[in-house]
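Every letter in the sequence shown is one number past the one before it in my numbering, and letter 49, counting from 1, is 85.
Read the hints as simulated data drawn from the structure, not as lab findings. Every value quoted in this text rests on a predicted model; they were computed, and no experiment measured them. Take these hints with a grain of salt, some might be off.
The list that follows gives simulated cross-link-like pairs (lysine to aspartate or glutamate, EDC-like), each with its CA atoms no further than 20 Å apart [to be verified]: (1) K78 <-> D110; (2) K157 <-> D110; (3) K108 <-> D90; (4) K108 <-> D137; (5) K78 <-> D115; (6) K78 <-> D154.
Restraint ranges, calculated between C-beta atoms of paired labels, are given here [unchecked claim]: (7) D137 <-> S96: 34 to 40 Å; (8) E150 <-> D115: 21 to 27 Å; (9) P122 <-> V165: 17 to 23 Å; (10) I168 <-> G134: 36 to 42 Å; (11) P79 <-> A112: 14 to 20 Å; (12) R116 <-> D148: 37 to 43 Å; (13) S96 <-> G134: 18 to 24 Å; (14) K133 <-> P156: 20 to 26 Å.
Glycine is no exception: its CB is placed at the ideal position from the N, C-alpha and C atoms.
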Amino acid sequence: MVLARYWPGLVTLVLLAVSLGCNSKAGLATYPVSGTVTYQGKPVPDGSITLIPDSRQGNSGAAVSIDIVNGKFDSATADRGHVGGPHMVRVVGLDGKGDGDLFPHGQMLFPDYETTLDLPKEGSTQEIVVPIDLKMPRRR
């Protein structure tokens with residue numbers, strides 16, 4: 037008897053939840069990307085590359101962060117790809133010489149490098165060259 041009284045509200049709530057889930061951007065197609073990252077002509081030993089859809093250019097979707105290992109990155113290691121289109125790109129480069137808990141992946145090679153890429157809506161290979169003049173400030 038009590039269930040019959042709440043049944044219409046329960047059905048409405050379930051339908052609302054399903055319709056919101058179906059309209060979410062979680063179902064956007066993603067595309068694989070791999071490539072290389074170099075600095076001063078050498079592969080970046082460790083770090084990460086983050087691809088952020090550029091909303092200033094009308095792109096939307098989830099960002100993806102991919103590890104850099106020995107100068108190479110592959111979105112297969114991140115379990116998802118990018119959404120294609122204009123992206124802001126942030127590269128963090130580390131020397132790979134970890135020294136315990138404080139810096140497990142080593143010291144920064146350069147300040148975070150930011151650039152843009154227009155990624156195709158298909159699998160692709162990208163080459164990212166961090167400018168040579170991008171250096172860490174000297175410690176005093």
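Can you let me know if the beta-carbon spacing of E150 and D115 is within 21 to 27 Å?
-> 24 Å, holds
Is the distance from the Cβ of D137 to the Cβ of S96 consistent with 34 to 40 Å?
-> 37 Å, holds
In this structure, is the beta-carbon distance linking K133 and P156 contained in 20 to 26 Å?
-> Given about 35 Å between the Cβ atoms, the range is violated.
Given the hint that K78 pairs with D115, test it: the Cα-Cα distance must not exceed 20 Å.
-> 27 Å, violated
Status of the given 17 to 23 Å range, CB of V165 versus CB of P122 | The hinted range 17 to 23 Å holds for P122 and V165, with Cβ atoms some 19 Å apart.
Has the hinted range 37 to 43 Å been met by the Cβ atoms of R116 and D148?
-> Once the Cβ atoms are compared, 22 Å apart, the range 37 to 43 Å for D148 and R116 is violated.
Is it true that the C-beta distance of P79 to A112 lies inside 14 to 20 Å, as the hint says?
-> 19 Å Cβ-Cβ, so the 14 to 20 Å window holds.
Starting from K78, check that the Cα of D154 is at most 20 Å away, please.
-> 24 Å, violated
Satisfaction of hint between D90 and K108, Cα-Cα up to 20 Å | Cα-Cα ~23 Å, so violated.
Compare the distance between the alpha carbons of K157 and D110 with 20 Å, and conclude whether the hinted pair is satisfied.
-> 16 Å, holds
K108 and D137: Cα distance at most 20 Å?
-> Roughly 24 Å separates the two Cα atoms, so the pair is violated.
Could you grab the alpha-carbon distance between K78 and D110 and see if it respects the 20 Å cut-off?
-> Between K78 and D110 the Cα gap is close to 18 Å, so the pair holds against 20 Å.
Going down the numbered hints, you'll see the structure goes against 3, 4, 5, 6, 10, 12, 13, 14, while the others check out.
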